[in-house]
Amino acid sequence: MIELVEANWPLFLVALLIGLAVAWFLFKGSRRTTVLRESDDTEGKPAARNQALIDAPPVAAAPVMPIAPMGVAGAGTAVAAAQAAAVEAISGDDLTRIKGVGPKLVEMLRGLGVTSFQQIADWSDADIDRIDAELGRFQGRIRRDDWVAQAKLLASGDTAGYEARFGKLEG
Numbered sequence: 468m469i470e471l472v473e474a475n476w477p478l479f480l481v482a483l484l485i486g487l488a489v490a491w492f493l494f495k496g497s498r499r500t501t502v503l504r505e506s507d508d509t510e511g512k513p514a515a516r517n518q519a520l521i522d523a524p525p526v527a528a529a530p531v532m533p534i535a536p537m538g539v540a541g542a543g544t545a546v547a548a549a550q551a552a553a554v555e556a557i558s559g560d561d562l563t564r565i566k567g568v569g570p571k572l573v574e575m576l577r578g579l580g581v582t583s584f585q586q587i588a589d590w591s592d593a594d595i596d597r598i599d600a601e602l603g604r605f606q607g608r609i610r611r612d613d614w615v616a617q618a619k620l621l622a623s624g625d626t627a628g629y630e631a632r633f634g635k636l637e638g
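The sequence shown begins at 468 in this note's numbering and counts up one residue at a time.
Check before you lean on any hint, since a few could be wrong.
[To be verified] In silico BS3-like pairs for lysine-lysine, Cα to Cα no more than 25 Å straight-line:
1) 619 <-> 571
2) 619 <-> 566
3) 635 <-> 566
4) 571 <-> 635
5) 619 <-> 635
[Unchecked claim] Using C-beta positions, here's what the derived DEER-type ranges look like:
6) 495 <-> 605: 51 to 59 Å
7) 593 <-> 637: 29 to 37 Å
8) 495 <-> 577: 54 to 62 Å
9) 487 <-> 605: 57 to 65 Å
10) 571 <-> 491: 50 to 58 Å
11) 492 <-> 472: 24 to 32 Å
12) 594 <-> 566: 15 to 23 Å
13) 492 <-> 579: 53 to 61 Å
14) 492 <-> 577: 55 to 63 Å
15) 635 <-> 604: 22 to 30 Å
16) 637 <-> 494: 56 to 64 Å
17) 492 <-> 471: 23 to 31 Å
18) 564 <-> 601: 16 to 24 Å
19) 569 <-> 489: 51 to 59 Å
The hints are simulated quantities; they were obtained by calculation from the structure and are not laboratory data.
These numbers were taken from a predicted model, which means no experiment stands behind them.
C-beta: ideal position from N, C-alpha, C; glycine also.
With the hints as extra help, turn the sequences into a complete structure.
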């Protein structure tokens, strides 16, 4: 091995120099930094990157639910039920009770102004088509899961009829 290095040391030296030159070019030589100064005509104006935040309307504050004190055995279930009732009173019916409606769909429906079972129960075919077109990847769920029939039973409070036709209600 030593004889090989002694016989070819000039080639090893050239290879090392070429390797160093390539490494320098890749890591140091190709980096060019240019500093641009803004013109003085922007003095007194807010930065452009913050303008969207400055122009945006304030976000409406969401209702804050009080947290019950801890320490009473069995109170957690009662507190959770009371909080759920308070949320329902503020924001309408719990639309997730309709089979096929999850949190994402509830958010989309609320954005479209749908907050109660009675609204869904009163939908006509034209209303279904209009709302369905707004549901994006959830399109077709209204008729497939028969939301209108489910909402009619839930709006009337017919839990037995609902469970007989659509299965056990959760919660």
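Hints, verified against the model:
1. For the hint pairing residue 619 with residue 571, the CA-to-CA distance comes to about 22 Å; that is within 25 Å, so the pair holds.
2. Note on residue 619 and residue 566: the hinted pairing holds, with a Cα-Cα distance of about 13 Å set against a maximum of 25 Å.
3. Proposed proximity of residue 635 and residue 566 is supported: the alpha carbons are some 10 Å apart, at most 25 Å.
4. Restraint check for residue 571 and residue 635: the C-alpha separation of about 22 Å stays at or below 25 Å, so the hint holds.
5. For a cut-off of 25 Å, the pair hint linking residue 619 to residue 635 stands: about 16 Å separates their Cα positions.
6. Range check, residue 495 to residue 605: Cβ separation about 53 Å, and the 51 to 59 Å hint holds.
7. Range check, residue 593 to residue 637: Cβ separation about 31 Å, and the 29 to 37 Å hint holds.
8. Between residue 495 and residue 577 the beta carbon distance is about 56 Å. The supplied range of 54 to 62 Å therefore holds.
9. For residue 487 paired with residue 605, a C-beta distance near 60 Å keeps the hint of 57 to 65 Å intact.
10. A beta carbon spacing of about 53 Å between residue 571 and residue 491 agrees with the range 50 to 58 Å that was offered as a hint.
11. A C-beta distance of roughly 27 Å is found between residue 492 and residue 472, which places it inside the suggested range of 24 to 32 Å.
12. Separation of residue 594 from residue 566 is about 20 Å and conforms to the stated range, judged on CB atoms against 15 to 23 Å.
13. Distance hint check: the CB atoms of residue 492 and residue 579 are about 58 Å apart, consistent with the given range 53 to 61 Å.
14. For residue 492 and residue 577, the Cβ-Cβ distance of about 58 Å falls inside the hinted range of 55 to 63 Å, so the restraint holds.
15. At roughly 27 Å, the beta carbons of residue 635 and residue 604 sit within the given window of 22 to 30 Å.
16. Checked against the given bound of 56 to 64 Å, the beta carbons of residue 637 and residue 494, roughly 60 Å apart, stay inside it.
17. Between residue 492 and residue 471 the beta carbons are some 29 Å apart, a value that agrees with the proposed interval 23 to 31 Å.
18. Between residue 564 and residue 601 the beta carbons are some 21 Å apart, a value that agrees with the proposed interval 16 to 24 Å.
19. Evaluation of the 51 to 59 Å hint for residue 569 and residue 489 yields a pass: the beta carbon distance comes to about 56 Å.
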